[in-house]
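Visitor: Chains as they are written, first to last, in UniProt numbering: chain G, 1 to 381; chain P, 1 to 357; chain U, 1 to 96.
Derived from the structure by calculation, the hints contain no laboratory data.
Source: prediction; values computed, not measured.
C-beta: ideal position from N, C-alpha, C; glycine also.
Do not rely on the hints blindly, as some may be mistaken.
Claimed, not checked - With a straight-line cut-off of 16 Å between C-alpha atoms, the simulated EDC-like cross-links for lysine to aspartate or glutamate are:
hint: 1; chain 1: P; residue 1: K139; chain 2: P; residue 2: D149
hint: 2; chain 1: U; residue 1: K8; chain 2: G; residue 2: D5
hint: 3; chain 1: G; residue 1: K2; chain 2: P; residue 2: D223
Unchecked claim - Quick partial rundown of chain P residues pointing at chain U, CB under 8 Å, derived from the structure:
hint: 4; residue: A115
hint: 5; residue: F116
hint: 6; residue: E120
hint: 7; residue: S155
hint: 8; residue: G156
hint: 9; residue: L208
hint: 10; residue: E213
hint: 11; residue: P269
hint: 12; residue: D272
hint: 13; residue: A277
hint: 14; residue: F280
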Amino acid sequence: MKYIDEFNDPDLARRLLDEIRATVTRPWALMEVCGGQTHSIIRHGIDQLLPEEVELIHGPGCPVCVTPLDVIDQALEIAARPGVMFCSFGDMLRVPGTDRDLFRVKGEGGDVRVVYSPLDALDLARKHPDRQVVFFAIGFETTAPANAMAVHQARRLGLDNFSLLVSHVRVPPAIAAIMTAPECRVQGFLAAGHVCSVMGTAEYPELAERHRVPVVVTGFEPLDILEGIRRAVHQLERGEHRVENAYPRAVREQGNPAALRMLREVFEVTDRNWRGIGPIPDSGWRLSEAYRAYDAEIRFDVTGIRTEEPAVCRAGEVLQGLIKPTECEAFGTACTPRTPLGATMVSNEGACAAYHLYRRMTDGPAQQGSRIPREELNTVG
Amino acid sequence: MADLATEAAVDPANWTCPAPLRDQPVVVMGHGGGGALSAELIEQIFAPAYGNPTLAALADSAVLDLGGARLAFSTDSYVVRPLFFPGGSLGDLAVNGTVNDLAMSGARPAYLSTAFVLEEGVGLDVVGRVAQAMGAAAKAAGVTIATGDTKVVESGHGDGVYVTTAGVGLVPDGVDIRPQRARPGDAVIVSGPIGLHGVAIMSVREGLEFGVEIASDTAPLADLVAAMLAVTKDIHVLRDPTRGGLGASLNEIARASGTGVRLRERAVPVPDEVANACGFLGLDPLYVANEGRLVAFVPAPHAEAVLAAMRAHPHGGGAVLVGECVEDHPGMVVMATGLGGTRVVDLPLGEQLPRIC
Amino acid sequence: MCLAMPGKVVSIDHRADPRTGLIDFGGVRKQACLEYLPDVRVGEYVIVHVGFALQRLDEESARASLELFQQLGLLEEEFGDAWEQAARQESGSETR
């Protein structure tokens, strides 16, 4: 598969790793912002191949993880109502609200549908004029243009039985929030490549300058991630803090102008809560005035639902790299992948979930070291 | 579907088992996904209720002593949408699935029963096509459909056609195949490319098209197993990685035997179309269903000969060694990635869903 | 987040509303919305996320990245100091 296979080449990966090893002279903490990057890092075992000086802190870039508890509770409330067809990306069905998840609402008779695209939800609205079709519009800047198009089309076609429950989040304010935290350990960012495919890179130079931190726009295949790390380490070793584009095949400085126009028309910037982190000013989008009639929060009058997150969860500190997941009192006891308290335990890519999985391997009985011996790795395949 | 779920729900207040399902007081789709939720359902509700050592073995089929003979016995219900898909149909699955469950204990399948639950209003031509497919599949697998039953439920209370089959077969002397027998040092062999059935089904549901034909791998595996047993009777474990895929099967074997499984990513046969379809739906091929594949744990000295016998068979032409059974990390499956890192392949929780993240 | 796949535009349906095209992902084909790439042509590669083509893939950039990775190793093997060389090479093309 073109543009994937070449960027998975193990020989080139080894060259990049050698290069990083040759460059690094002291410890650096990098944050990969995007959950997709975390997924790739864990799936390919990239973190285990890096020199020990390079620490990867898994950032908050998983929309599933950071969607705030009260929005999940709103979704559960709407989805359980008669006459509603609640459509969502598959990721969100397992995310726990206060006392249940969307799977459970479905099990109890709610009409909850998994869709691949928001346009599929729009089709359902067209085919079922007697039903209220609600799409759970979560995601970062990458997903926002798709959701914007869906509601734009709904308005154009007069599909008044369609609405969005919006919980969009934006990456740059989150980076700023992390950098301004007093004990922040992050020294360099791997920015989310596909977010920048849409938004471009214009928002980052100011961040890099203000916080004196390298920002490297990074892709998702193993070589892309290693290249992002290589460039960030390179800058850090030289005391530089620039914005670099290590994903030029998919990212232009100006982003996607057509998508940006649509985003400006449909959404406006708003403050947003992040699960496990708290409120971040200007970090979200909501429907603009012209589209307010399609806001499910208003249509179903669920704005009053406000929920406190469990106080014991320290996901915010984990996300900022201040503590390891195992240092949280609830880790592995009150909080497990089956009964997550916070964002980082919710999805497989979350830092706590990943630690939970690997700890079982290292702490299990009869252990002789958790990793497959290196000499064996080299003969693989 | 909602009614079915409600009827199947169990009042948690009446539970006597020590470890109740932690967070799901009702049945959710994941309970049928072949992952951790399915396992909990069995371990916490069915096994305690039926409580006997035969069931506790939790193999694909039970092996029973009956009048001096060793009888393998298995049952399975088949619900699939769409009923007809590239490469097969509900009818093929209903026969091959049960035949394969029997074969995974080394048995020669002999007789099947069949029970239909039909929804009021479904076309008789549809029922006819399913029945025809079952007849043809039974013939191909060398089994006889010996008895059957039909029930009809009201419109809206079923999904067209559900089929349940049960089957029996004889286990040859000297054959003892079950998940508990995996031993460190065993070679782990997969009989061919994985993920085809699940992707064929998803292609219909998600509106995917393929440049080349992607068809379900549904096939009867008893004959392949017989060819393997002709090499050595000392095959430790066989499993057909249906729901939950290869990842779930290997986890079940690791847990049942208290051993670890070490996989080599580059050796796992994933066809390009499966990899790419999974790629953009955000699924992992290791957890995608197969209906005509098996995974075998074979003592290392016999591995080469068993592999050769498999490759000489029409249903094992793509057989490859994908890893081995180890003492380390008992109960866990760990994969050496193509890049040289390692990754834990966990038991999936429930069904896989398309994701965006 | 943001699972997106590169694929090749096989055909474009200009009459569809919104405008769509058939995208080939290494033998797997699916329709995607092309509204955000108004001038995309058949044969070009795009990245697709939740049914939307979001950006063109630039073949030249991809080739340059891979060549750089190749050179990293070669430089190290031949000249010993890959890092400096690569850095110099890179800064020449780094105007983004």
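Visitor: Give a verdict on every hint.
Guide: So, going through the hints one by one against the coordinates:
no.	hint	in the structure
1	K139(P) x D149(P)	violated (20 Å)
2	K8(U) x D5(G)	holds (15 Å)
3	K2(G) x D223(P)	violated (40 Å)
4	A115	violated (37 Å)
5	F116	violated (34 Å)
6	E120	violated (35 Å)
7	S155	violated (33 Å)
8	G156	violated (31 Å)
9	L208	holds (5 Å)
10	E213	violated (10 Å)
11	P269	violated (16 Å)
12	D272	holds (6 Å)
13	A277	holds (5 Å)
14	F280	holds (4 Å)
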